[in-house]
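These are the residues of each chain, in order.
There are 2 protein chains.
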Amino acid sequence: MITELISVGTEILLGNIVNTNSAYLSEMCARLGMDLYYQTVVGDNEERMKHTVKMALERSDTIILTGGLGPTQDDLTKEVVAQVLGMELVEDAHTHRRIEEYMENYAKNNPNRKITDNNWKQAMVPKGAIVLDNANGTAPGLILEKNGKTAILLPGPPNELKPMFEEQVYPYLRKKQPDIFYSQLVKICNIGESQIAAEIQDLIENQTNPTIAPYAKTGEVHLRITARAKDEKEGKKLVKPLVRELKIRFGKNIYATDERKTLEEAVVDLLKDQKLKLSLVESCTGGALAARIVNVPGASEVFGTGFVTYSNKAKRKLVMVKKMTLKTVGAVSEKCAREMAKGGCAASGADVCLSVTGIAGPDGGTKEKPVGTVFMGCCYQGRVRVREFHFSGNRAKIREQSVVYALAFLRDCITGNDEES
Amino acid sequence: MITELISVGTEILLGNIVNTNSAYLSEMCARLGMDLYYQTVVGDNEERMKHTVKMALERSDTIILTGGLGPTQDDLTKEVVAQVLGMELVEDAHTHRRIEEYMENYAKNNPNRKITDNNWKQAMVPKGAIVLDNANGTAPGLILEKNGKTAILLPGPPNELKPMFEEQVYPYLRKKQPDIFYSQLVKICNIGESQIAAEIQDLIENQTNPTIAPYAKTGEVHLRITARAKDEKEGKKLVKPLVRELKIRFGKNIYATDERKTLEEAVVDLLKDQKLKLSLVESCTGGALAARIVNVPGASEVFGTGFVTYSNKAKRKLVMVKKMTLKTVGAVSEKCAREMAKGGCAASGADVCLSVTGIAGPDGGTKEKPVGTVFMGCCYQGRVRVREFHFSGNRAKIREQSVVYALAFLRDCITGNDEES
Chain G
4 MITELISVGT
14 EILLGNIVNT
24 NSAYLSEMCA
34 RLGMDLYYQT
44 VVGDNEERMK
54 HTVKMALERS
64 DTIILTGGLG
74 PTQDDLTKEV
84 VAQVLGMELV
94 EDAHTHRRIE
104 EYMENYAKNN
114 PNRKITDNNW
124 KQAMVPKGAI
134 VLDNANGTAP
144 GLILEKNGKT
154 AILLPGPPNE
164 LKPMFEEQVY
174 PYLRKKQPDI
184 FYSQLVKICN
194 IGESQIAAEI
204 QDLIENQTNP
214 TIAPYAKTGE
224 VHLRITARAK
234 DEKEGKKLVK
244 PLVRELKIRF
254 GKNIYATDER
264 KTLEEAVVDL
274 LKDQKLKLSL
284 VESCTGGALA
294 ARIVNVPGAS
304 EVFGTGFVTY
314 SNKAKRKLVM
324 VKKMTLKTVG
334 AVSEKCAREM
344 AKGGCAASGA
354 DVCLSVTGIA
364 GPDGGTKEKP
374 VGTVFMGCCY
384 QGRVRVREFH
394 FSGNRAKIRE
404 QSVVYALAFL
414 RDCITGNDEE
424 S
Chain W
4 MITELISVGT
14 EILLGNIVNT
24 NSAYLSEMCA
34 RLGMDLYYQT
44 VVGDNEERMK
54 HTVKMALERS
64 DTIILTGGLG
74 PTQDDLTKEV
84 VAQVLGMELV
94 EDAHTHRRIE
104 EYMENYAKNN
114 PNRKITDNNW
124 KQAMVPKGAI
134 VLDNANGTAP
144 GLILEKNGKT
154 AILLPGPPNE
164 LKPMFEEQVY
174 PYLRKKQPDI
184 FYSQLVKICN
194 IGESQIAAEI
204 QDLIENQTNP
214 TIAPYAKTGE
224 VHLRITARAK
234 DEKEGKKLVK
244 PLVRELKIRF
254 GKNIYATDER
264 KTLEEAVVDL
274 LKDQKLKLSL
284 VESCTGGALA
294 ARIVNVPGAS
304 EVFGTGFVTY
314 SNKAKRKLVM
324 VKKMTLKTVG
334 AVSEKCAREM
344 AKGGCAASGA
354 DVCLSVTGIA
364 GPDGGTKEKP
374 VGTVFMGCCY
384 QGRVRVREFH
394 FSGNRAKIRE
404 QSVVYALAFL
414 RDCITGNDEE
424 S
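From first to last, the protein sequence lines stand for chains G and W.
All residue numbers for the first sequence refer to our numbering, where the first residue is 4 and numbers rise by one.
All residue numbers for the second sequence refer to our numbering, where the first residue is 4 and numbers rise by one.
Please note that a few of the clues may not be correct.
Since the list gives no way to pick out one identical chain from another, each pair is judged satisfied if it fits inside one copy or across any two copies.
As the list claims (entries may be wrong) - Here are the simulated DSSO-like pairs of lysine-lysine, each with C-alpha atoms no more than 30 angstroms apart in a straight line:
{"#": "1", "residue 1": "Lys240", "residue 2": "Lys255"}
{"#": "2", "residue 1": "Lys149", "residue 2": "Lys233"}
{"#": "3", "residue 1": "Lys275", "residue 2": "Lys330"}
{"#": "4", "residue 1": "Lys152", "residue 2": "Lys53"}
{"#": "5", "residue 1": "Lys255", "residue 2": "Lys280"}
{"#": "6", "residue 1": "Lys320", "residue 2": "Lys124"}
{"#": "7", "residue 1": "Lys372", "residue 2": "Lys326"}
{"#": "8", "residue 1": "Lys124", "residue 2": "Lys220"}
{"#": "9", "residue 1": "Lys255", "residue 2": "Lys275"}
{"#": "10", "residue 1": "Lys326", "residue 2": "Lys316"}
{"#": "11", "residue 1": "Lys275", "residue 2": "Lys53"}
{"#": "12", "residue 1": "Lys250", "residue 2": "Lys278"}
{"#": "13", "residue 1": "Lys278", "residue 2": "Lys320"}
{"#": "14", "residue 1": "Lys326", "residue 2": "Lys275"}
{"#": "15", "residue 1": "Lys111", "residue 2": "Lys255"}
{"#": "16", "residue 1": "Lys179", "residue 2": "Lys233"}
{"#": "17", "residue 1": "Lys400", "residue 2": "Lys372"}
{"#": "18", "residue 1": "Lys111", "residue 2": "Lys372"}
{"#": "19", "residue 1": "Lys130", "residue 2": "Lys243"}
{"#": "20", "residue 1": "Lys278", "residue 2": "Lys316"}
{"#": "21", "residue 1": "Lys130", "residue 2": "Lys233"}
{"#": "22", "residue 1": "Lys240", "residue 2": "Lys278"}
{"#": "23", "residue 1": "Lys326", "residue 2": "Lys243"}
{"#": "24", "residue 1": "Lys370", "residue 2": "Lys111"}
{"#": "25", "residue 1": "Lys275", "residue 2": "Lys316"}
{"#": "26", "residue 1": "Lys372", "residue 2": "Lys280"}
{"#": "27", "residue 1": "Lys111", "residue 2": "Lys250"}
{"#": "28", "residue 1": "Lys400", "residue 2": "Lys111"}
{"#": "29", "residue 1": "Lys240", "residue 2": "Lys250"}
Quick caveat, the hints were computed from the structure, so don't treat them as lab data.
Excised from the complex, chain G in its bound form (with noise of 0.2 angstroms):
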């Protein structure tokens, strides 16, 4: 099934947001097998939209259209659709009711705020649509079938968008759909992209079915392997020798081979299977090494205590670094990133804290330190290891990569991975 993605706003065009349903929606559609060949985004202008919705539904099957359900006068999604399909828009009762309730509770918790008129333009729908819920917000989301065609509408807010296509459009779209793509990713740490293509190429100029795609992401590269098969089934049985084969190329530097573990999800496990209680000193990353652990629900029953030492006080007065330390050496210092991983152990009574000290600039680098330098120490059963890293890139992506570092380094320490380092 030919399919298509069109987003609609204005705010796109301008680079108000970013585009995130179309991956979403991509790699939903990738999941259902459908050939995804496009995506566009068009802004809120009627001729344009017409235009973009009649190549699309000419070249394509099903098309997927985002945004411009709302209450606005801007929001034209439906009422183009619509016409494009010659459809006549009817009040659905449904949904205006649906819309009331909606407002009740919203104005219950929200005494501050007004409830508008221009809401009820969400309840006019196309004549014969299936109308889908929206379970947190006003607009409702559209399924249109003519002539063979289907366009389905969708709400550009990703919390109303995500769990309607869940659990209205998978279920729909997946009676549709003979084939599927069966794709598994491998997610390795610690080896750069160039270096993960070479050592892949002869596995990529061979491929047929199935495939193997490299995406790198900050810090980790991701495998993809997708066949396409009948059921999920015979996609396993397809996968399962070429994931085995990159386990024995990769090897240690493999940390997950599940669809959703992210590095933390792999950290927290490996702390909850090993019963060790975690704590963290950070500098230069401000807190976001914690925040990232604690992305993963159930992260309290391996992390209770974070510090986030941005100053040189906070570093002496919460984890005890020696102010000789900081006036001979400095902050971000190999002596430093061990002291305060071992004063972390000290102050919060865990097995194991990590430390994360360096310069993320854009000021503050010198000849010696220059912007990029981070130093990390990793405490765990009485010893102190430490890594000096040199990343490159603005502030964000310092701190970004130095994230990423750390929670591999401190999958290194608690299983003896770092050896060599």
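Here the structure of chain G is known, so what remains is to put chain W in place on it, guided by the hints.
Just chain W now, with coordinates in the frame of chain G:
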């Protein structure tokens, strides 16, 4: 100048990466006053790329392509565009030398990583192209001009693309533009999207030049006022009266009218102005609030200490929450938020301390305190103010909203905006 963005990469169509480049380039095009009507994503497929490039060159003057310039076999952008424009590929000696230097430098810093031969493919460029040096990678950018059309090819990794665009492409495009769009953002916190839309409906109805457009962010709304003008001076003059009107309507809830100023920067600036030291005590946000403050370069002037008190033990030990409080009303309570904020001030010696404690889910909710219940305390000048929130969405969304509302709360406390709360 009609412009179009084409992102190349099957990884985008499979949903493996979020297309942040398009957001960035769209914003840049808007600033340059270029008319951007479409963004398209196409996979690493020669035929469909050719089709997309041809269509884009028909309907637009300038096309900007990103991705597909790398060393792998999948990277086809340069080859396809050169073919469509009828340009031959030749080796560029300058680029070859740069790749050589880059690789040598890389090898020095990464002794364990191998340099692979596929990199030399990147030194081949269409004959007559303007070559854009890549300061952060091996693939150069390219500007191709033919038959009155311009194709600009940029590398996919954002840390390579952005500096290349700003230093080399922006000045190139600036010279070509007669008119510009001058735009200004008015950034508002504490008011919901639909209420703002209703309150500016009259302004939107009567708009010609400048125009006004609302963008909902998590916990805030940005209004973009855009004027078409012959230069920046005229643009500023056109935009000014509308900005003044918005200031009258939304008053103290406007935290910035500066394009780049984030809510965390507004807060850090306020703290700097008033020479206040901030500390933070976080439970459900788990360090994300501190990390957000540390996003701001120079945050060290106002922020030194953060506590991530994820466990009850940490709440007691680090910021002296009373055992009785945890036992009777629990960690997610007005009382606990109050004690965390007060204790945080005492433990850090800061002038202001903000605390956040809540239930981010998916587990841990009860009938009295459902998932999304969050309490925040702000201790300032000996007084602790508390706010209670009920957020909706998943774990990530609840934590993200908590961070934004915490920043807004902090801002209100320091400026005295919270008197009614």
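- Message: Flag every earlier hint the structure violates by its number, smallest first.
- Response: 6, 11, 19, 21, 22, 23
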